[in-house]
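Asker: The lines below spell out each chain.
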Amino acid sequence: MASHVDVKSHQGHGEGQYVPFTTQEEVVSDLITKHTKVSDKWISGVVAAGLLLLLGVVGFAMRLANGMDDRVVWGYYALMFAFILSTASAAPMIAIAPRIANAHWRRPISRAAELWSAAGLFSLLLFIPMLWILPPLNDGRRSLWFFDPDDPVYSQVPIYTPHIWAALAILGLVIVGFVLLWLSAMPDLALMREHSTGFRQKFAAKLSGNWVGTTGQWNMLHHRMGIIGAFYFMMLIFVHFLVTMDFLIVLVPGWIDALFPITHAANALQAGVATVILSMIFMRQFGGYKEYITLEQFWGLSKLLFALSLLWFWFWFSSFNVFWYGKKPSEQAVLELLMVGPYLISFLAGFVLSFLAPLFVMVWNPVRKSIWGPTIMSVAVLFGVFFDKLRYYVAAYSVPGIGDAHVHKHFMDMDAIPKVHMPGLPDIFIILGVIGGAVFFYLIFARLIPPVSIWEQKELMLYKVHKAYHRTEVFVLGKPR
Amino acid sequence: MQEHVQLTQKEINDDLLAPVLGMPKWWYGAVGFLLLVIFIGLAAYGYELYWGMGVTGLNRPVMWGFYITNFVFWIGISHAGIMISAILRLTQAEWRRPITRAAEVMTLFSLVAALSNIMFHVGRPWRLFWVYPYDFSRGLFMNVRSPFVWDPSAVMTYLIGSSLFVYVALLPDLAVVRDRATGKYAPTVYGILCLGFRGTPRQWKLQGIAGILLSALVLPVFVSVHSIVSWDFAVAIGVEGWHSTIFAPYFIIGAIHSGVSAVAMIMALVVWLYKADRYIRPDHFDAIGRLLIVVSTTWFFFFFLEWVFALYTLESPEIAMRELQVFQNPFWWLFVIFLLTSYFIPVPMWLFKSVRRSPMWMFITTILVNIGMWLERFLIIIPGLARRQPFEFDWGSYTPSLVEILIVCETFAFVSLGMLLFAKVFPLIPIFDMKEGMILRDEIRIGRRTVPASIRETP
Amino acid sequence: MAKRSILGLFTEQQVDDAANAMDALAAAGYGTNEYEVITGTPYPEGTFGEAEPKHKLFRWPLTGAVCGFIIGLVLTAGTQLAYPMVTGGKPILSIPPMAIIMYEGTMLGAIIFAVIGIILESRLPRLFMGAYDKRITEGYIGVTVTTEEDKLEPAEKLLTDAGAGEIKRGWENN
Amino acid sequence: MLERQGTDMADQKWGMVVDIDKCTGCQACVVACQSENNVPINEEGHFTQRRAIEWIRIERVWEGEFPDVKARFLPVFCQHCDEAPCEPVCPVYATYHNSEGLNVQVYNRCIGTRFCANNCPYQARYFNFWEPTWPESLKNQLNPDVTVRSRGIMEKCTFCIQRIRRSTRDSDREGTELEEDNRALSPACVNACPTQALKFGDLNGHLGEEAAEHLEGHGGHGDSHHGGRGYHMLDSLGTHPNVIYLKKVDPSAEEVEAHG
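Chains as they are written, first to last, in this note's numbering: chain A, 279 to 759; chain B, 630 to 1088; chain C, 8 to 181; chain D, -19 to 240.
Hints should not be assumed to be uniformly reliable.
Under the rule of at most 20 Å between Cα atoms (straight-line distance), these lysine to any residue pairs were calculated in the SDA-like manner [stated by the list, open to error]:
id : chain 1 : residue 1 : chain 2 : residue 2
1  : C       : Lys141    : B       : Tyr814
2  : C       : Lys141    : C       : Ala106
3  : B       : Lys1053   : B       : Arg919
4  : C       : Lys175    : B       : Thr829
5  : A       : Lys606    : A       : His688
6  : A       : Lys647    : A       : Glu569
7  : A       : Lys757    : B       : Arg919
8  : A       : Lys745    : B       : Arg1074
9  : A       : Lys647    : C       : Lys175
10 : B       : Lys1053   : B       : Leu902
11 : B       : Lys834    : C       : Gly172
12 : B       : Lys834    : C       : Lys61
13 : C       : Lys10     : C       : Lys175
14 : C       : Lys158    : C       : Lys141
15 : A       : Lys312    : A       : Gln479
16 : A       : Lys581    : B       : Asp906
17 : D       : Lys227    : B       : Phe1020
18 : D       : Lys50     : B       : Phe1020
What follows is a list of derived Cβ distance ranges for each label pair [claimed, not checked]:
id : chain 1 : residue 1 : chain 2 : residue 2 : range
19 : A       : Thr311    : B       : Val923    : 32 to 42 Å
20 : B       : His633    : A       : Arg725    : 31 to 41 Å
21 : C       : Arg130    : B       : Arg1085   : 40 to 50 Å
22 : B       : Tyr676    : A       : Asn380    : 47 to 57 Å
23 : B       : Ala647    : A       : Val630    : 53 to 63 Å
If you're looking for bench data, these hints aren't it; they were derived computationally from the structure. Every residue gets a Cβ at the ideal spot worked out from N, C-alpha and C, and that includes glycine.
Next comes chain A alone, as it looks inside the complex (with noise of 0.2 Å):
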């Protein structure tokens, strides 16, 4: 039955299901002038960004002036470095994904989403004190490297093993996130190198290099993208698992939780979904890219936000029931502690938001087939991830005894349990300009490189067609292999 269809969208069907242009002339040009021409509330924006992010940088100078020596402290600059990880650095995942599953409805999107992968550079800015933060090897805790000054063997691992590795890790993540960008900005870039003047011509000169448009260089293209796709995705598992081994779990002594770096792992998903739908409802809403970012996108990630809240659910009760059922003492300290304890508030606060909230709204689909709904949602979300990366590392980084060679490290009596560690005024400061710094980051580099894909958004207008089909209109979703 297959019938020939012409390759020329209608206009003007039901909100949310297409660009109404017919030529891809009127795409570019409309993109390119969106993009080239600077609105206030673009400035505006980064004004009040860059001013949460002196902030920031003031309480970061507070808290360094006491030294990096007591570690409780440092509890809440911890937190938002997980923070940063979970939502900027996972954000980029909600491009690949669905461009490894060849999903058309990601294509206006994945930009919003890849550019996130550019306030990666700030979470390694942020990791470099973490460097200092974490006592080396040699206080006698578990660690995932095995050290043991007694062992002839086990006594050679060098003491700052955790640093290096991680530093390697994270740092190998932003580097693979930038080349991701640039190579699936390069197109755009060559367009900014045609059709715009100034600085912007010329970054775009220089980085689109000699990016004519061949079929070669796009077959390279795509399948470039997909490698580097799939590596940002281990390299994201991989740091989040080294994170979570040397940074956190190895903070609570006799918390051996074997799925937690998964776990971090998902929630980070999460929170990235979150993270993109509320890009992408700002650019919507103040970017002027009403046309493009429609509900057909919304509707995509928020089928994703449901599916991943329910498995932040399953992961949570999976570390929860076992620990609970077995009673071992070890392990009910660290429920104690990181759960039922002085931080319980803020469990309940991450469960409900991050779970329950998502749960409750969002089986419904009107909700979820709706631009608010989402949007809600992935604003609950990362509040809820917020305080659920609260609980975890503040309450791991005021655990006494850290780089004390003298405490012992494999169990935590319930008795030892520290009280719970409120954040002074520089800890606000610095949870505040992270976020800033974060949309700062951001921000400029959507001054640089399109935030909504050009050259996705002509590959749509091939792939996506909508026909007559006898007495009703369907699409015909092109699946080129």
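Please build the complex by placing chains B, C and D on the supplied structure of chain A, with the hints as guidance.
Answerer: Positioned in the frame of chain A, the structure of chains B, C and D alone reads:
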């Protein structure tokens, strides 16, 4: 070879109903052989019932053996059905069409096989129904705190849910059979079974919704079932080697690994036995091969994590168990075989398109995977029990007896027989799904290139 | 009074003819509940210009879920309270195990009710087939008209005009 | 959520104190237990199959490296844990914790999943793999107060609950206070022990005080190098056993500790 064969609905009917209306030559032979194996297995079980659990190889440290291993294995296989059909339905993957039903039916029979393993396992099977809130005369209900009560609830939910799922998806095909069936009773029976399905737009619309809705409902159950099976082991602190939080996802992903492999196996068999090579194309094997690469690599990461944390604990039972697994006879060579068959042989092969596209190679590799995954469960359960606590005087070992081996063979024969009988009575490849696929097939011509496309309804 | 039904058969290629027949019937003043298209395979919705079938399926699984949840709650809590035996120092009302079984109950109820809902909402089981032809499952497209005796003749004429290869009559008792 | 349910419900809380320093490994307790509780005769085959049933068994523990290796005798039996891992996993309540702190086994309920056996860290639970049989000459030796178990079910040490019941019943009838260390109350193994290494009693009573001073200064997590000699087996699992072991008095070890 050309990828997609466009067929008329009549051709589809004739091809896919051939095994139901006709009778393949090999059929009696196969059924006879399987019945023989089942008979032997049941005879062995009768022997065990008469003499008691003593006829198995179980002993004091190792109280669970082949039966529980086999139970976990079949639960794992059963997960492929819902995995394939539900996830691929939800993602509207076109290549799911010919394989969904075979996968779902495999789910049903392997679940029954798994349950039968529990019956073989317990000491007094005639009282097994006490785990259900049934026996009021006893004046006592089950202890809901026990994972062995979570298990039946989850498995029964899964069994009922997936059989209803199969039935609903079967309605239109039953109508087709009703219209084709000859003989005195067959048309009436099929007519009753299909509830008078006619194919009005309303019925088709609800059929479509049913596919999505039931998938979305069964998927969480499928996740819960194997998590709970894993908690049979993980919540135990008596066995240090099992007490790990990662078990639930680890078992799930392992189940998907072995189950999807089993589906590929069944696909190959269907292609050969029922001459379905016009419906199950090389690109179906290609797709499932790609899926398998992802799944198996994820599984391997979980495997790695489980090991890392086992060593990270630095607790003596853990270390002793790993030492037994990897270095001691006979587990060391079982461990080697397990690693090779479940990952290091198949996955590199799947990287080659030629392997992914050939039914024969996919059949071989996936059989290897299932051998490996059976061994995986064995290597989790037996060494864990043999090295439970630091007390060396309580360490032991286990060798299965002939009775256990025969009964395990019986379960395999049972599932195969179930599939055969089902395929004799109902079409194993969903007819209406294939027809829909033919209707929704389309092409986009861009210049000289024609891109394969599929029609989607405007949301 | 008893209704009669006729069926006009169109071939696999006559999709548009069938659609025309539907339009003609609609123009001739037949209600949407009186004529219907029957196909052997799902076509994209509205291919024959038929009205989108309305259904209230989604309330079914919700009802089932609620029932299942309540049953699970009563069963688990009731069992533990009725036989308050201490095992392993676990609380008499242990929440996590109850959560697991209540979850299973919820899902089971949801699935069973969903299936019942699907069957009933698609107007099944159907006792009498009415006008039907086996060739429909071979790809033929049937347009049935179910109405009073007197309105049957014009309907038959409309169908033949639209190009129906064959007209069949049948009793329609429900 | 993490609290412990169901201890200290009755005024008694039966427990035992095992002084390893006094244990000579003579196995008298094993024989006494077998004859008291109708435990089937363990033939050679049962041991080679590792299916012997000994509610109390004397295990041999090797301490130290060659050349200075020391053999220790360790009587192992059901520890009647307050947080027994074996109890919650039984699907049919065949084992649960009664109000006197005993971990009781109800044979009629057992369906033989062997889950409890897997979950007992001390491996004090035994499964009837075969139908128990006794030679004709021993038929009359069976204890009428104790059930003869059939095949396919679990069994384990009950602290001779039949003796506890009888003596409590007698004291109630005579209206006398049930005194702790009388031979009618204490289990067969305790009565049979020639060196009195086993001591049975009420952990809410005298035995409790005695155990307390043994356990005091005891660091938890199994390392009882300081303070009294008392410790719980596999303490790090947090099963809270009602059996207290007193470690062997070892002069050389004392020295080592003095030096170290």
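Asker: Decide, hint by hint, whether the structure agrees.
Answerer: Status of each hint after checking the structure:
no.: 1; hint: C/Lys141 x B/Tyr814; verdict: holds, 17 Å
no.: 2; hint: C/Lys141 x C/Ala106; verdict: violated, 50 Å
no.: 3; hint: B/Lys1053 x B/Arg919; verdict: violated, 31 Å
no.: 4; hint: C/Lys175 x B/Thr829; verdict: holds, 17 Å
no.: 5; hint: A/Lys606 x A/His688; verdict: holds, 13 Å
no.: 6; hint: A/Lys647 x A/Glu569; verdict: holds, 17 Å
no.: 7; hint: A/Lys757 x B/Arg919; verdict: holds, 16 Å
no.: 8; hint: A/Lys745 x B/Arg1074; verdict: holds, 13 Å
no.: 9; hint: A/Lys647 x C/Lys175; verdict: violated, 44 Å
no.: 10; hint: B/Lys1053 x B/Leu902; verdict: holds, 12 Å
no.: 11; hint: B/Lys834 x C/Gly172; verdict: violated, 27 Å
no.: 12; hint: B/Lys834 x C/Lys61; verdict: holds, 10 Å
no.: 13; hint: C/Lys10 x C/Lys175; verdict: holds, 15 Å
no.: 14; hint: C/Lys158 x C/Lys141; verdict: violated, 25 Å
no.: 15; hint: A/Lys312 x A/Gln479; verdict: holds, 15 Å
no.: 16; hint: A/Lys581 x B/Asp906; verdict: violated, 35 Å
no.: 17; hint: D/Lys227 x B/Phe1020; verdict: holds, 16 Å
no.: 18; hint: D/Lys50 x B/Phe1020; verdict: holds, 16 Å
no.: 19; hint: A/Thr311 x B/Val923: 32 to 42 Å; verdict: holds, 41 Å
no.: 20; hint: B/His633 x A/Arg725: 31 to 41 Å; verdict: violated, 46 Å
no.: 21; hint: C/Arg130 x B/Arg1085: 40 to 50 Å; verdict: violated, 26 Å
no.: 22; hint: B/Tyr676 x A/Asn380: 47 to 57 Å; verdict: holds, 56 Å
no.: 23; hint: B/Ala647 x A/Val630: 53 to 63 Å; verdict: holds, 57 Å
The structure shown violates the earlier hints numbered 2, 3, 9, 11, 14, 16, 20, 21.
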